[in-house]
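A.B. asks: Sequence lines, in order, name chains D and H. Under this note's numbering, the first sequence has 256 at position 256, and the numbering climbs by one with no breaks. Under this note's numbering, the second sequence has 697 at position 697, and the numbering climbs by one with no breaks.
You may find that some hints are simply not true.
Stretch by stretch, here's where chain H covers chain D in the computed footprint (C-beta under 8 Å, at least three residues) [as the list claims (entries may be wrong)]:
no., stretch
1, 79-92
2, 97-109
Partner residues aside, some chain D positions facing chain H, computed with beta carbon under 8 Å [unchecked claim]:
no., residue
3, Phe131
4, Asp132
5, Pro175
6, Ile179
Bear in mind the hints are in silico, worked out from the structure with no lab data behind them. In this text, a Cβ means the ideal position worked out from N, Cα and C, and glycines have one as well.
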Amino acid sequence: MVFSTYAYGKKTWLLVFARMVTIAWSLFTAVSFAESPRYMPVMPDYDLVFPKDYGSHQGFRIEWWYVTGWLETPDEKPLGFQVTFFRYATDHDSENPSRFAPKHLIIAHLALSDPAVGKLLHEEKTARESFDLAYARQGNTDVKLDDWTFVRVADGSYEVEMQGSNIGLKLSLKPTQPILLQGGDGFSRKGPEPEQASYYYSEPHLQVAGTVFRHGKSVTVSGSAWLDHEWSSDILDPNADGWDWVGANLDDGSALMAFQIRLKKGGKLWAYAALRDAAGHVTLFEPEQVEFTPQRTWRSPHTDAVYPVEMRIRTGETEWLLTPLFDDQELDSRQSTAAVYWEGAVTLSRDGQPAGRGYLELTGYFRPLDM
Amino acid sequence: MDHGLIFRWLLFGEWRSHLLQAVVVITAIALGVALGYAIHLINTAAYNEFSAATKNLTGQSDLQVRGTQAMFDERLYPALMARDDVVTANPVLELDVVVSAKQTERSDNKLKILGIDLFRAMEISPDLIGMPAEGKPLDGLSDDAIFLSPAAMEWLQVKQDESLQLRVGTQTINFRVAGGLVRSRAGQRIAVMDIATAQWRFQHLGLLSRIELKLAEGVNHAAFKTKLTQELGEYYRVTESADQETRVNNMSRAYRVNLNMLALVALFTGAFLVFSSQALSVIRRRHQFALLRVLGLTRRELLQQILSEGAVLGVVGSLLGLALGYVTAFIALQYFGGDLGSGFFKGVQPALFFSVSSAAIFFLLGLGVTLLGSAVPAWEAANANTAPALKSGSEEMALKRLARPWPALLCLGLAGLFVLMPPIFDLPVFGYLAIALLLIGGIALMPYISTLFFSMASTWNNTRIYNVIAALTLARLANASNQASIALGGVLASFSLMVAMAIMVTSFRESVDDWLEQVLPADIYVQLAASGDQGGFQLPQQEAIAAIPGVSRYDFSRFIKLTLDPGRPEITLIARPIDATDPRNTLPIIGNTVEPGLLTDDVIPIWVSEAMVDLYNFTVGKQVRLPLRTAGPDTPQFIVAGVWRDYGRQFGAIQMQLSDYQLLSNDLNVNTAALWLQTGTTAEQLMASLKNLSFGGALDITQSSDIRTLSLEIFDRSFAVTYLLEAVAVVIGLLGVAASFSAQALARTKEFGMLRHIGVMRRQVLRMLAAEGGLLTVLGVILGFVIGWGISLILVFVVNPQSFHWTMQLHLPWSWLAIVALVMVVLAGLTALIAGRHAVSGNAIRAVREDW
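Chain D with its partners taken away, still in its complex shape (with noise of 0.2 Å):
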């Protein structure tokens, strides 16, 4: 999923700590990075073990928990939402003994969709791991920023706790089924290369409830909501432009992962989708079987680039169409990270029929993306 964006779009001064952020950015798009081997590789046969799994894992580059959902205000409408916390590991001289050393940096974001307002309304911020400020915890999902904290609790339910500038929320998020290890093991490869891959779990159908803020009001929301949990030393292919994905709970109680990465030459260099139905059984698909098509594009006003907003994806025999909440779901940060990229809230119809609910993530379609 996409790396967030330095939202304050403020001067260009931002442009320095935002090109830091874009590191992580960098490791889902075109840059390799010469990794140091004290980082640990991803392998397969490893088997997740929880609760400690939950927790951070320090040995690895990047890890993230990332959440989406829908909710619902009391006026019943729509309202998407997007919540992630990084860790990222830097090269920062693991020998100093400073407090300070800002050895693991944390990295969170909000977004929230609201079709009222027509575009995304997000914040962000990052801080080093250091005096109990900002950490991610082993053992146990526990990740704090600040005042912003994202927690698994006692009965396995997530609490989040966001309050920025203009907007902010304070959500329980309460698991309604097992969590979906991705690739079957947990394992999920990213290309052709078996280095190429990442531990990866998912928890879908969270139950959300709590409230949401906005401009200092707050409304009380309930709803649906998918967590990623994702950590990794080395990703992407050289090659690689960017990648489409999307995470949906289903109506019927099934779950839904789908994602290709491609090249930049044109064609996908990897794809992969899991469908979980409401009984637990898993369908994972070949990257041949997994096809996206884009059915109708949108063109950024802010920025010009073309998103693919509507979406069709087949997974083996299933035809899937993507539609977005509202098109302007994109997230310019040209003044920060320089990074663009789509990400919004998607309904998902099953071979016509209305199916269920998703984020749908769009990366790599901002041509000049320099880094």
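Position chain H relative to chain D; hints supplied.
C.D. replies: Structure of chain H alone, referenced to chain D:
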């Protein structure tokens, strides 16, 4: 009658015949205004830039938290960050670190380095975030990257991706120049790196210099400041930007005000010159004015006429002065920076800023001074009785009024009173007023004194010597001394001020020299490249130094910065061994001390500099607290055991026993070692052994004689501007002499014609003129010396202690004064002679015929 026509006739007529005088007046005003304006522009530009640069370092925070010492425990940072009323806390570690490549440039080898957390700095001081190279976005967090301001890059001669060596204690550390600080101020030499890197590499683990706070919306700043100050206790200071501005202002205010006052001296001297020139011009045209009055010109119109003439000169002079001042300031800033040798605004590259109001002020000053100089002569001319004024020889009559001694004595009396007044806002306002009054009074007394003096000389000559020339000269001087005295007004003013400055600077320099001898008793001083409070010699290094053969005695000292008042610059705490039985052996003590026997064990003796007494009221015998962090739980009580003289630290310094300090703080590091040579060992041998120590390469070794030389060089440099100001004042004064003598000589053409008629040779007339000039100048020089000496007393004993909080002993530069006096007398005599040649060159018959 056409007023305009008359005005023009009179004005241009006067100028045509006495162009030189008009030029001199305009020049004097222009120079005075230019100097004052230029100094003002430079100081303002430098101060503003310095202030902006200082602000640039702290960003847009609402409040700043600092320790009373340079560094404090970093754990305050998460505590502040966790508060609800704080939105962002931005931790900063600020260090001045020695650059290896510049190590030999002792006075200027440190780079200001700010260790920051860029994620926090973004919110508060975004200008301090470095710009990394393409593809290296994480350099802002790197463990070896440093970002340099353009001025720092230029100074260090390094570019992006090159490496920079910095010195920490005995080590050299390599940094990679990762990029620039594009938003730093021009000339600002700073570097930025990650705070963790700075803490680690510069051995400041666990320490911060300050935390800048951004408060939540709706939090009352003042209330929060009070609350936080209380919570944090006595070892922390919570300040806001206003405090910082006060601090920056306090730092250089005394210097700026005093320099501005000195600059105004030139204008002040100009006022006397205008007065003498206008007075002579009015006297010369006495008949003309009387005639005009008879023909119907009113008093008012005449007054207006003369004042307008002055105003024209004033306007032209002031405008020229403003232009000249601006150009001078521009050139000075381009080539010398805004510092003017004072060291207050080092490394600042200010841009000149034109403000209408300050230009207007200096314009009005110039104009006002000219009008003031013209007022008395104008008033006199307008009020003259027309009938006597039409007669010849009434000139001297006109000036009788000026010879009254009472106003002059009143001025002198007031001056005496003002000397006793305390400073206003830390500035010696009354001291300067006293100087002005002394000058005015002294000069106003000149005609009276010269009459007295020359009458006596004349009587003496007439009864004893019978020299014709002498008789004529003395008779003239004794009976028409007013004109002559007026001629001398300008030069008297400038000479007095020059004498005063010379005495003051000499007193200061000699006192500094004596002081240096007292404070640098050892032969060799050794320092380590220190940064912040850390660094310095640790115990093993101290032992190694002490064990070097050839050292007969050694003293270690520790230097710590302490903030007592957030609105004032830090003071210096010096801990060193002090002779307990008689501190006078160690410190340049002045005044009373608390007898060592009277000290009790529960209070720790400290010796404070004079500034501490003035600024913090640390008087001898007083028990005080110091915000010095101690190792133990109790806060110690200190007693001021004595006051010592300190020319090194204007903002205050405290000395205490090193043993007391170490017991209190548990800090065993020291900054300097003073070494005494054993007989038979040379300084060179000892220096060589020091260099051979394992950490020898990092040592900064100086002989005390070099420190003295360097200190005096710095002293001379900081007074260089004052020398320039003096020179300008003297030139203006001499111009005045030339102008007024030549005017007088011309006015006396009739007199010379008459003398020629009764048989006086031309040569004798000339000799007489030279003698007159010389004698008058001798008297002027004597009087100038007396006034100057008086002024120097005010400078030394009032202005200096009130501005800079230090006292000094009076020293008179006799030989220098004698030379200047001689030069003045010769120049004045020569000027008189040259002026006279012109006057006696005409036809004697025609000259007499003019006398109607």
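A.B. asks: Against this structure, judge whether each hint is valid.
C.D. replies: Here is how each hint holds up against the structure:
Residue count for the stretch 79-92 of chain D with a Cβ under 8 Å from a Cβ of chain H: 3. That meets the three needed, and the coverage hint holds. With 7 residues bearing a CB less than 8 Å from a CB of chain H, the stretch 97-109 of chain D meets the requirement of three and the coverage assertion stands. Residue-level restraint check for D:Phe131 holds (minimum Cβ-Cβ distance to chain H is 4 Å; threshold 8 Å). Below 8 Å, beta-carbon pairs count as interface contacts, and D:Asp132 has one with chain H at about 7 Å; its hint therefore holds.
Hint status for D:Pro175: violated, given a least beta-carbon distance of 31 Å to chain H, over 8 Å. Given hint, D:Ile179 at the interface with chain H, is violated; its Cβ is 32 Å from that chain's nearest Cβ, farther than 8 Å.
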